[in-house]
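A.B. asks: For reference, the chains in residue letters:
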Amino acid sequence: MNIIEIQNLNKTYKSFELCDISFNVEKGKITGFIGRNGAGKTTTIKSMLNLIHINSGEIFYFGKNLKENETEIKKNIGYSTGYINWYPRKKIKDIVSVVGKFYDTWDEEAYKKYLKLFGLDEEKTAIELSEGMKVKCNLLIALSHKAKVLILDEPTSGLDPFSRDELLEIFKGLKNDGVAVFFSTHIISDIEKCADNIVYIRNGKIIASVTKADFYNTYSKENENLEETILRMERGALDG
Amino acid sequence: MGNILRKEFKLTASVLSYLFIIFGLMFFLPGYPILCGVFFTTLGIFKSFQNARETNDILFSALLPIAKRDVVKGKYLFVCFIELCSLIIMGFATVMRMTLLSNSYTYKTNSLMNANFFALGLALLIFGLFNLIFVGGFFKTAYKFGKPFFSYIIVCFIIIFIGESLHHFEAFNFLNAFGTDYFYIQLLLLITGIVLYVFITFVSYKKSCKRFENIDL
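Protein sequence lines, in the order shown, are assigned to chains Z and B. According to this note's numbering, the stretch in the first sequence is residues 1 to 240, in order. According to this note's numbering, the stretch in the second sequence is residues 1001 to 1217, in order.
Isolated chain Z, as found in the complex (with noise of 0.2 Å):
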């Protein structure tokens, strides 16, 4: 069952385009968004947040039009980056405490539960928080408000390898739960690691929508791996 269905989104920017993306998200697997960086993952992200305006095409969450149904989505979305502090200056508890109202889904036992088990701190400031426990906290707020599914935009990047491993675990745990995760990335091994599935972006245009099963099958010459392929697609894509 697909959760979210992106279909034929086109963006203009002076100089880079999202050339008609299509993709699907689907409910209880990981899905691995890669390209190297500048290849359009982050528009691609914001455009089904609604955070920019696309030109054209249609995104569906749970079936129902994005645009038309924003605020009802968004309950059942959790959204989390690498690269963004929210209030850094903020206790976790403080900003629990103002998040959680916005959701009448919001389940406080469920946050403690996370809360325990991600190991944080809600006497913390985000900015006494290390980039993995960054993430998590976002994680922590997103499976709180019980979101069906994750957006997540480079939650590894800039990790040590362990606090990599430790999230990838966690995704697991999470896809096992039924919940749906995205997660944008240029370290391919993390795909490699935990992906059912793998978009493929390339200069704003989709090369590969597909299962990692498939992507090898069509992608992979003998004895290669994941991150082989993709480095050899991307020397093919420039020596043109």
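Don't read these hints as lab results, they were simulated from the structure. Hints are supplied without guarantee of correctness; some may be wrong.
For lysine-lysine, the following DSS-like pairs were computed, each having C-alpha atoms within a straight-line distance of at most 30 Å [stated by the list, open to error]:
| no. | chain 1 | residue 1 | chain 2 | residue 2 |
| --- | --- | --- | --- | --- |
| 1 | Z | K205 | Z | K46 |
| 2 | B | K1147 | Z | K90 |
| 3 | B | K1147 | Z | K75 |
| 4 | B | K1068 | Z | K205 |
| 5 | B | K1147 | Z | K101 |
| 6 | Z | K212 | Z | K193 |
| 7 | Z | K29 | Z | K90 |
| 8 | Z | K112 | Z | K29 |
| 9 | B | K1108 | Z | K90 |
| 10 | Z | K67 | B | K1140 |
| 11 | Z | K112 | B | K1010 |
| 12 | Z | K91 | Z | K64 |
| 13 | Z | K113 | Z | K90 |
| 14 | Z | K146 | B | K1073 |
| 15 | B | K1047 | Z | K101 |
| 16 | Z | K148 | Z | K172 |
| 17 | B | K1068 | B | K1207 |
| 18 | B | K1147 | Z | K175 |
| 19 | B | K1206 | Z | K46 |
| 20 | Z | K212 | Z | K101 |
| 21 | B | K1068 | Z | K67 |
Which stretches of chain Z does chain B cover? Using the computed rule of at least three CB atoms under 8 Å from a CB of chain B, they are [said to hold, decoys possible]:
| no. | stretch |
| --- | --- |
| 22 | 40-52 |
| 23 | 65-72 |
| 24 | 86-99 |
Quick caveat, the model's predicted, so the values are computed rather than measured. Note that beta-carbon positions come from the ideal geometry of N, C-alpha and C, so glycine has one too.
Following the hints, put chain B in place on chain Z, whose structure we already have.
C.D. replies: Leaving out everything else, chain B in the frame of chain Z:
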């Protein structure tokens, strides 16, 4: 609506926004351009917008399950709350100067603007223009606030200058009324200020909603 205002108070507001409400007491000062108190109150509000930008508040708010116009509404409600708190203090000082202190020698010999309903009306006009020029200007980008604030400063001090100058012309002596002199004209000027404040703020809010809806975050 309550939730978004709560967010403003708990996460975005600068302490200076609250502290600078006290500048409303400048309406008690003799020998000082009392409308500067309005400017200092708006300077406090400006600090909250600075906070909002530094803490990525606008993007955070846009991700909440609310309509984009509610993000704008939250900011306007907060701004109006601070302005009205300051106005209450200014109003208190004005009423004191119009009644108990109306025969005070210090105030009688004050060559600068007297605290009366006209002064309150002008304070409301300046607050309205702050909402139009600064807050409305901020929502053109939801990021840049230097130019809108600079434009507001110029307009604000032009109005203060005009307010301080007019009563020195004989034809406008009534603007500097003491006690209950020219009471009905003064009341009319205050009502005009209220109407202008409400109208300008409403127009600015509507414009900001449209602007915010159209920008890419």
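A.B. asks: Going back to the hint list, which numbers does this structure go against?
C.D. replies: 3, 5, 7, 9, 12, 18 and 20
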